[in-house]
Every structure is written in C-alpha cells, then in structure tokens.
Amino acid sequence: MSSPRTPCTSRTDDTERARPLLGTTVSIRLEGLPRACASDAIASGFAAVELVQRLMSFHEDASDVSRVNRNALLRPVQVHPHTYAVLRQAQIIADESAGVFDICVAGRLVEWGILPPPRAAGPPDPGASWRDIELGPDHTLRFHRPLWIDLGGIAKGFAVDLAIEAIAPAGARKCVVNAGGDLRVAGHGTERVLLDAERGRGDAVPVLEIENLGLASSSGLRHRRRHGDRTAGPHVHGRTRSVIGTRSFVSVVAPTCVIADALTKIVMAQRRRALPVLERHGAAAYWHNPRLGWHAIGCAPPLSIESMR
Amino acid sequence: MRFQLMLIPPALFAPEIVQAAAYLTLEQAQQAIFPGETFTAADFVLGKEQVEELLRVSRSAVLRSRVRAWRTSGGGWFVLDQVFGRDDRIIYVIGIDASGVVRGIEILVCDSGYEGILNPRWLEQFRGVTHAAAGAMTETIANISGTTLSVEHIMEGVRRVLATHALYLSHR
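So the sequences go chain by chain: A and B.
Counting along the first sequence from 1, when you hit position 289 you're at 289 in this note's numbering, and nothing is skipped either side.
Counting along the second sequence from 1, when you hit position 32 you're at 341 in this note's numbering, and nothing is skipped either side.
Don't take every hint at face value.
Unchecked claim - Simulated coverage check for chain B against chain A, where a stretch passes if three residues somewhere in it have a Cβ under 8 angstroms from a Cβ of chain A:
#1 335-344
#2 461-469
Claimed, not checked - Computed footprint of chain B on chain A, listed as stretches where at least three residues anywhere in the stretch have a Cβ under 8 angstroms from a Cβ of chain B:
#3 22-31
#4 204-213
#5 297-304
Simulated from the structure, these hints should not be mistaken for laboratory data.
Since the structure is predicted, the reported quantities are computational estimates derived from the model, not experimental observations.
Heads up, the beta-carbon is just placed ideally off N, CA and C, and yes, glycines get one too.
With the rest of the complex left out, here is chain B (with noise of 0.2 angstroms):
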C-alpha cells in the first residue's frame, strides 16, 4: 500500500497517465435531457439493406448495426452512440424529442485533452438540430481548435442518429 500525490507542471505533464475523468453517467444524461421522464430500453439491430439506406442518407460512417435507444415517457427517444475522436472513442448520447428535434447532447466519455466539446455552450449549438437540417450543421457548429477530428465526428454522429430516428424510430 503505498501512495503520493504529485503537482506536475503543465509543461512536464506526460499524457501517458490514466485519466480518470468523471463525466455525466448514462442515468444523469438522461436526467439532464428528459428531467423526471422515465426510460425504457428499445435496442435494435440494423439489417443489411438497413445499413446502406442509412449510410447513403446520413451521408455518415455507420460503425455498428446495434442501435442503443431508450423510449422516454414523454414519447421522445434516447440514443446512445459512439465515434472516434483523434486518437480515442468518444461515448455521447442525444435526446431527440417527440417531434424529431434534438433537445440535448451530452459527452459521458472523452479523452483528455478534448475538453473542449464538454464545454455546455458548445454542445448547446446542437439544441433544435432536425433531420432535415441537419446537413446545415457545418456552418451552425462552430468547430474547437485543435479538436478537429472529435467535433467533426460529432456531426456526423448526430447526422447519422436523427436519420436513424427518421427512418426507423419516429413512427414506432
């Protein structure tokens, strides 16, 4: 047993250590985008013909056929999703409201470093985004510098979710 805690100068500080960041959990997500609505789980999975259609609609890499998605007592949907940030997965989740516009998006995992998009005003820009408008958000989302890859990856993220929910969720 054994343990010391150390003040490392920025300058000398090497990204090697783990970084044990504590974001929102998947229930304080939840919470904070549907406050008092409960929540049931509806995964599905996306077939082969399901896969395309999305790709070619969403204009977005689609990684895995599994879709995480919570049906809220409020009649909106809660989908959990993962991209690549630079060198690291990003873990985020959206809310999408009864009638298809996004009402949040929170990071629960990120690398350090990305802090950027944890920012609240940040991931307020994406507030409102539709299906429909959704190919606009290049120029709505104002990008972080040196964070790139991660804020691109987002778009595309929440691109390929809200056309998951046109195709597939909104009419359940």
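Only chain A is shown next, with the shape it has when bound in the complex (with noise of 0.2 angstroms):
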C-alpha cells in the first residue's frame, strides 16, 4: 500500500496481508523491507496471532481458558506461558481498578446471550469475581468459586503485542498490526487512524495520528442488544455487573496493545476517575458520547482543523 503519507517509499518496499483470525481480520503490514523478508515477517507475524487464538478462545473446547473454565474449581490448571502472562496481568488491572475490570464477568455475556455457554463448565456464582482467582507457581491457577473467565478483548491484544515482537528481528522501517481496532504501530513514522465512533452526517471526522504506540477502541453503539426489557452490550461493569456505555465510544492509547485493550472497559465505566489508573500505565484515552462530544483524559484536547488547506 502506498499512500501521500510515504512519498519516499516504493511500493514494493511496503506488504502488507490480512487474514480472518479472532473472530474479525487481522492485517499486517510492513513498511521498509524487500517483500520476500517482508512476507517471512508477516507469516511469524500471523503464526503468533493464531497461537493466541488457539490458547485463550472462549469458543474452542481445548483452548486453556476452556479447560481452566471445565476444572480449575476442581484441581490447579497449567496453562500455556502466554496465557499465564495475560492472566496475571488482567489480575494486575483488576487489583488497580478494584475490580472495574474483570474477567469474570463472562457469566453476565453468555446470560445475555453476547458469549455462548461454554461446553461441561458448571455454572458460575453469580458473586465470584477476580479475587477468587488464585496463580499458582509453574503457571497454574485454581478457582476458589465456580466462575467462568473470558480473556476476549485483552487477548487480542496480547495477541497483536505478540506479532510485532514476532516481526520486530526483521527490521522493518515500520511495521503495524491491527485486529479489528486493536492495533499497534511500532519503527518510525506515524500511522492515522480513522476512529469508528457515531456520527452524524456533517460531523467532524475523528482521526487518531499515532507512532509507536498501541491502541485499542470500544464501542458500546454498536453492539448493543435487547435483553429482555433492558440493553446489553459487550461492556460489563466488574463491580455492579451491569451494562456499561452503550452510547458511548472509548479510545486507549498505551504502550502495549493488552493494556490499551484492558484499559478502555475502565474508561468506559469510570470516564474521568480512570486517570490513575491511566497514569500508572503510561496511558490517555478519548471518550465520545453523541450528545457530549469528544473528551480527552490524560491527554492534550482533540485538535479541531477547521481550515486545512
């Protein structure tokens, strides 16, 4: 892909793929390499993203968080490294946001019908959250309530986190990941990101200009749903258990992609009283909400080009 932005790049220099991976499409793309490094790259790229998808599905009947939801209430569970590492840093999340963030809030999404029930797994007790979760030493963990863990979201941003580090011995100039929304920019150069929030026609177009950085968005709008005489969404609040944001609109930009993605439920739930959380993690959000506009936390206020020319 070439573009006005990369003048001094040929178009063989930039490659860039995409495959159905994680329930949405993942795409990678190099900038700076001769295209045969370039697909090797990519190829270790989408083998890391699938290793993800393979170990911490909610859908897949052998993946860890399936066996851990099947027995970890009955006996400690190993489980792959990777998913280790995502586990203990949602319990991390968890501890910062004192529970606004949880993974245990699956119970609620298959209660509304978002996740589907998982195979052989009892079901959870309504009042299990993170803390009876417990991480063990050689990478297990046990449950000390029946409760069901989905890792969605943060995996896959662990997941694009993954890749570049995957990609990054290839020395591209720049390189990005991004799955469905959550992306990551790593090398030089900045990257433009178009942000999917409502918006009514003659409305500002909002676009996020970042470098070396990942980015994770949520949008309540967009998936919400009926459930019974009451709206679900995909956003749970881990404290009270209910629907959070389903108007609004949540961009994170941090670091790492896994906590980008972790930190947009938190922003979605507490708006403004998220900025510790954010500041600890080196981290800023925008939030968008149709009737009050764009707001920047931790951050410098969106800059409005009125007269671009």
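Since each chain comes alone in its own frame, lean on the hints to assemble the complex.
The following block contains the structure:
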C-alpha cells in the first residue's frame, strides 16, 4: 500500500496481508523491507496471532481458557506461559481498578446471549470475581468459587503485541498490526487511524495519529442489543455487573495493545476517574458520546482542523 | 511515543486513512443469528464439477472452492462468505435454518463509506429468503444509493450460499 503520506517509499517496499483470525480480520503491514523478507516476517506475525487464538479462545474446547473454565475449580490447571502472562496482567489491572475490570464477567455475557455457554463447565457463582482466581507456581491457577473467565479483548490486544515482537527482528522501518481496531504501530513514522464513533452527517471526522503505540477502541453502541426489557452490551462493569457505555465510544493509547484494551473498559465505566490507572500505565484516552462530544483524559484535547488547505 | 486526536471537517477528510471499524465478530454474529446454539465447524472443498454445477444453479461467481460452514445445534447452517464491494472485499455471514430459510445475515468486514449495508433494516430484508425464491431478490431487496455494486454482490453471494446449501448441505 503506498500513499501520499510516505512519498519516499517505493511500492515494493510496503507489504500488507490480512487474514480472518480472532473473530475479526487481522492485518499486518510492513514498510521498508524487500517483499520476500516481509512475507516471512508477516507469516511469523500471523503464527503468533494463531497461537493466541488457540490458547485463549472462549469458544474452542481445547483452549487453555476452556480447560481452566472446566477444571480450575477442581484442581490447579497448568496453562501456557502466554496465557499465564495475560491472566497476570488482567489480575493486576483488576486490582488497580478495584474490580471495575474483571475477566469473570463472562457469566453475564452468556446470560445476555453475547457469548455462548462453555461446554461441560458448571454454572458460575454470580458473586464470584477476580479475587476468586489464584495464580500459582509453574503457570498454574485455580478457582475458589465456580466462575468462567473470558480473556476476549485483552487476548486480542496481547496477540497484536506478540505479533509485533515476532516481526521486530526482521528490521522493518515501520510495522502496523491491526486486529479489528486493536492496533499497534512500531518503528518510525506515524499512522493515522479513523475512529469509528457514532457520527452524524456533517460531523467532524475523528482521526487519531499515533507513533510507536498500542491503540484499542471500544464501541458500546455498535454492539448493544435488547435483553428482555433492558439494553445489553459487551461491556460489563466488574463490580456492579451492569451494562456500561451502550452509547459511548472509547479509544485508549498505551505502550502495549493488551494494556490499551484492558483500560478501555475502565474508561467506559469511570471516564475521568480512570485517570490514575491510565497514568500508571503511561496511557491516555479519548471518550465520545453523541450528546457530549469528545473528551480527552490524560492527554491534550482534540485538535480541531477547521481550515486545513 | 506520540499521539494526537484530530477532528477533521468531513469535506477535508482524506479516505487514505486506515479504517479501524469494529463490526460484529464471528462469534457475536453466530449468537446474533442463532442465540444460545452451539456451532460445529463443517468446512468443505467443492470439487471441479461441483463448482461448475454451483455456477450454473446459482448464476453467481464462484470465487473460491473452500466453503466455510458451521452446523448449528438446532440443525441450521452458518456460512462465512466473502464478496467484492466496489474496491474492497466484504466479509459477511448467513444463517440458514433447518428448513432452508435465511434466518439472518450480518456484515463482519466492509470498507468505510458503504455503511448503508450495515443498516439492520436493510439486512433484515434477507430474512426469509429461500433458494427457490433467491432469483426474485432483485425485486424485493432495496438498493442503496452509491453502494450498488456491494448490494448486487451481496445478493449474488446470498444466492450462491443458498444454492450451496440446497445442493450440498441440506441432506447432511
């Protein structure tokens, strides 16, 4: 893909591939590498994403997540070091946000029909939370109450980070990995990303320019649905277990994509009160609501380009 | 590490920018069309003769021989398919119930600017279409201004998937 943004780059130096993975389309773009090297590097990136999909899918019976959901109440379950790393990260952020972020909200999502019920796993205790997960030695964990974990979004963010790491040794000038809006840009040069917030005709177009950062966005509006007489959505407040942000859009930039993804949930639930957690991770957020417009949290306010000619 | 959110007037918006749209994921689409059901992957590859037969019966382009399909626990079929938009591909899914009637269709990936086809009311028009009635879709499905090619190609895709179902999946 060549574009006016990178006039010094010849066409053959940009290579982009996309594959349906992680329930979305994952694309990897490398700039400044001969095509043959780029293809090998991209293949190693996709292999990393596939590994994460195999390990952390809520849907596949053989994944670490499914095995944990079936057995961790009965005995300690050993998982892949990658799965363990994501779990540890999730527990840290759950602690920092006092449970607003919680990977145990899967029971609610199943109840609302957003996730299918896992096979051969007993029903979760509605009062169970991240505090009932104990991480043990040698990449093992166990549950102290019946619960289901779902690594969904943060696994996607982790997959993007892992792909970036797998590609790094190839030495591309710039690399962009995008998994349905969970995106990371590494190397030299900025990337412009259109944010898919609700927009009326004539409204300004939100474009985020980033360099060497992870980005994750969450849109409550696009995924909301009716559940009985109430509105349900994919974002659940970890403490109250109620739906959050069905009209909001949140983008978080952070050094890694896994952190960015986890923090979107906290911003959706807490808006400005999420600032301490954002700052701890060197992250910042943009929050949008059709009625209230754009708000920046922990970063410079949006730049309005009214006369750009 | 550097970032900046810019609010650009639509008239100045350059479409070169990467679209980071997040539509339904595959799993969300499965649950949206067949709530609460479980899915068993049942992909298969069409042989050369089957491709020709499908081409004849559906009067639609057969772009690839691999069919990505799932059997649902309720006896329905869920098919992932891809067609071309004007200058991009559109990835979408179709749910067909046990009696061969379209239960629903959801777009997973499409280029920005074609959001008209994401409109639930437009997608709703496909509900109830059958293989036998697929030929009449051009009269029953409303076109969308500026998205003609995408609309036609999705109808073609639906026709091909329904023919695939009638020929190779309904007796399984």
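**Asked** For the stretch 204-213 of chain A, do at least 3 residues have a Cβ located nearer than 8 angstroms to some Cβ of chain B?
**Response** holds (count 10)
**Prompt:** For the stretch 22-31 of chain A, do three or more residues have a beta carbon lying closer than 8 angstroms to a beta carbon of chain B?
**Reply:** holds (count 4)
**Request:** State whether the coverage of the stretch 335-344 of chain B by chain A holds or is violated, taking the criterion as 3 or more residues with Cβ-Cβ distances under 8 angstroms.
**Result:** With 7 residues in contact (Cβ-Cβ under 8 angstroms with chain A), the coverage given for the stretch 335-344 of chain B holds.
**Prompt:** For the stretch 461-469 of chain B, does the count of residues with a C-beta closer than 8 angstroms to a C-beta of chain A reach 3?
**Reply:** violated (count 0)
**Asked** Holds or violated: the stretch 297-304 of chain A covered by chain B, criterion of 3 or more residues with Cβ-Cβ distance under 8 angstroms?
**Response** holds (count 5)
In this structure, only the earlier hint numbered 2 is contradicted, and the remaining ones agree with it.
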